[in-house]
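Enquirer: Line order of the protein sequences matches chains A and B. According to the working numbering, the first sequence is numbered sequentially starting from 1. According to the working numbering, the second sequence is numbered sequentially starting from 1001.
Check the hints yourself; a few may be wrong.
Stated by the list, open to error - Derived lysine-lysine pairs resembling DSSO-like cross-links, with alpha carbons at most 27 Å apart: (1) Lys55/A - Lys78/A; (2) Lys70/A - Lys1014/B; (3) Lys1044/B - Lys1014/B; (4) Lys1044/B - Lys73/A; (5) Lys78/A - Lys1057/B; (6) Lys78/A - Lys1014/B; (7) Lys70/A - Lys55/A; (8) Lys55/A - Lys73/A; (9) Lys96/A - Lys1014/B.
As the list claims (entries may be wrong) - Simulated coverage check for chain B against chain A, where a stretch passes if three residues somewhere in it have a Cβ under 8 Å from a Cβ of chain A: (10) 1039-1045; (11) 1066-1075; (12) 1083-1095.
Derived from the structure by calculation, the hints contain no laboratory data. The structure displayed is predicted, hence computed values, not measured ones. By construction, the Cβ of each residue, glycine as well, lies at the ideal position given by its N, Cα and C atoms.
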Amino acid sequence: AQTVTQSQPEMSVQEAETVTLSCTYDTSESNYYLFWYKQPPSRQMILVIRQEAYKQQNATENRFSVNFQKAAKSFSLKISDSQLGDTAMYFCAFMKPIYRGSTLGRLYFGRGTQLTVWP
Amino acid sequence: NAGVTQTPKFRILKIGQSMTLQCTQDMNHNYMYWYRQDPGMGLKLIYYSVGAGITDKGEVPNGYNVSRSTTEDFPLRLELAAPSQTSVYFCASSYPYDRVVEQFFGPGTRLTVL
């Protein structure tokens, strides 16, 4: 079974500073994807960044970047120049194809990290 | 383009009542999913569908039923509601030919069973 662990229930950071959220996962799969989703108080799940396991290069999206360590099964999210609008619950998620070679995927989520950005 | 829409936004049920949560997407996605999010937890997959007429169980299907008669709609049926089904329910969809495999989520339905 796939498990995703987020060991930090809560984090806080001052505006404009950098913060890193941790995530580890457990799987025997070789073909999978990793995601960070943001859930603000509106409850909407918003994709922040994705990483394909076969790619060694870490993904980046503007102020968001990941540190993907495949051997260690670690997938941390770094938020640079934190903004007040980054305040949200952040979920790390693992996805493996339900059928081999397909894009139909089952997402497994961690329990989330509540990030608060203060002025 | 509204994306994934869900109705209702909130609902309170009494134990033993039934209801249907509606989900519609206008992105012509073949794949659709239902997840539930319990307090303080991540989302768990209830059911999924690869196209009209084809559905399958996810991780936590007990107490739920689904149907998929069109590409756009994927309703979730709760029969004999129980307090354990108090949760936030999310519908999602994805495009089978998208290499990025992103799932797009609706805004969720908060259900309370008393």
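Enquirer: It remains to establish, for every hint, whether it holds in the given structure.
Expert: Here is what the structure says about each hint:
The straight-line distance between the Cα atoms of Lys55/A and Lys78/A is roughly 18 Å, inside the 27 Å bound, and the hint therefore holds. Restraint check for Lys70/A and Lys1014/B: the C-alpha separation of about 47 Å exceeds 27 Å, so the hint is violated. A distance of roughly 23 Å separates the Cα atoms of Lys1044/B and Lys1014/B; the hinted pair therefore holds under the 27 Å criterion. Annotation: proposed proximity of Lys1044/B to Lys73/A holds, straight-line Cα distance about 21 Å (limit 27 Å).
Distance check on the hinted pair: Lys78/A and Lys1057/B sit about 35 Å apart at the alpha-carbon level, beyond 27 Å; violated. Between the alpha carbons of Lys78/A and Lys1014/B the distance comes to roughly 44 Å, so the proposed pair goes past 27 Å and is violated. With a C-alpha separation of about 10 Å, the suggested pairing of Lys70/A with Lys55/A holds against the 27 Å cut-off. Taking the CA atoms of Lys55/A and Lys73/A, the gap is near 14 Å; set against the 27 Å cutoff, the hint holds.
For the proposed pair Lys96/A and Lys1014/B, the alpha carbon gap of about 37 Å is over 27 Å, so the pair is violated. Counting residues of the stretch 1039-1045 of chain B whose C-beta lies closer than 8 Å to any C-beta of chain A gives 6; at least three are required, and the coverage claim holds. Residues of the stretch 1066-1075 of chain B lying with their CB closer than 8 Å to a CB of chain A number 0, which falls below the three-residue condition for coverage. Given as covered by chain A, the stretch 1083-1095 of chain B passes the check, having 5 residues with a CB less than 8 Å from a CB of that chain where 3 are the minimum.
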